[in-house]
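J.: Sequence:
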Amino acid sequence: MIIHGRIFSSTYGGTMSLDPVYHEAIDSLTDVFQRANKLGLREPTAMSVATADAEGRPSVRIVLMRHFDARGIVFFTNAHSRKGRELAVNPFASACFHWEGLGEQVRVDGPTRPVPAEESDRYWESRRRASQIGAWASEQSAELSSRERLERRVAEYEEKFGAGPVPRPEHWYGYRIEPIRIEIWRDRPARLHERTFYELREGQWTRRLLFP
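Using numbering that gives the first Met the number 0, read the sequence shown as starting at 0 and increasing by one per residue.
It should be emphasised that the hints constitute simulated quantities derived from the structure, not laboratory data.
Computed from a prediction, not measured in an experiment: that's the story for all the values here.
Glycine included, C-beta positions come from ideal geometry on N, C-alpha and C.
It is possible that part of the hints are untrue.
[Claimed, not checked] Here are the computed distance ranges between Cβ atoms for each label pair:
1. Glu-155 x Arg-200: 25 to 31 Å
2. Leu-209 x Arg-151: 50 to 56 Å
3. Pro-166 x Gly-39: 32 to 38 Å
4. Gly-163 x Val-59: 34 to 40 Å
5. Arg-151 x Ala-53: 30 to 36 Å
6. Glu-157 x Phe-91: 34 to 40 Å
7. His-22 x Leu-209: 17 to 23 Å
8. Ser-144 x Leu-209: 17 to 23 Å
9. Ala-45 x Val-153: 34 to 40 Å
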């Protein structure tokens with residue numbers, strides 16, 4: 000399933016042999032992502048991603064899912080950002096999607112690791128030039144003395160790269176959340192919501208229903 004460009008199709012990361020229960024979970028995620036895409040939302044792939052530092056203190060922010068298949072959920076960011084620094088010392092993340100128009104929520108938890116460089120390169124090359132320049136200009140999460148300082152840095156990098164291609168910074172790349180827990184929540188009357196919980200336990204996927 001390629002999320003960037005909002006193209007949704009069921010794929011499983013090549014020739015992967017999937018546990019039948021995990022196959023069901025991936026099919027369920029594919030279905031809800033496809034239905035969310037049809038809502039006409041500006042950002043149907045927006046998700047909250049929570050990370051934590053070495054002391055276990057959490058932080059959360061909205062990012063965009065850019066790729067999804069059986070290997071997990073991919074987002075791209077600056078590795079020098081707060082989330083990048085936290086993932087360097089505590090490589091585990093939790094992602095949460097919610098679509099009010101569907102009355103559904105999805106949670107995906109798991110270890111997180113950088114995607115291969117060629118995968119980051121492909122996505123980088125698909126970005127608008129202005130976004131590429133912005134990634135160079137922004138020292139993400141560092142203190143900014145003024146808006147004018149950021150605008151000057153943008154101008155500096157526009158001059159540096161001229162009309163030529165803008166290379167991907169080494170510190171800008173994708174992370175993949177590799178699922179070990181997946182929950183699909185569906186709104187039901189009288190707050191008797193439906194919660195389907197998938198979990199990887201001792202190398203095997205399980206499926207359970209949870210009380211709302």
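J.: Output the numbers, in ascending order, of every earlier hint that fails for this structure.
T.: 1, 8, 9
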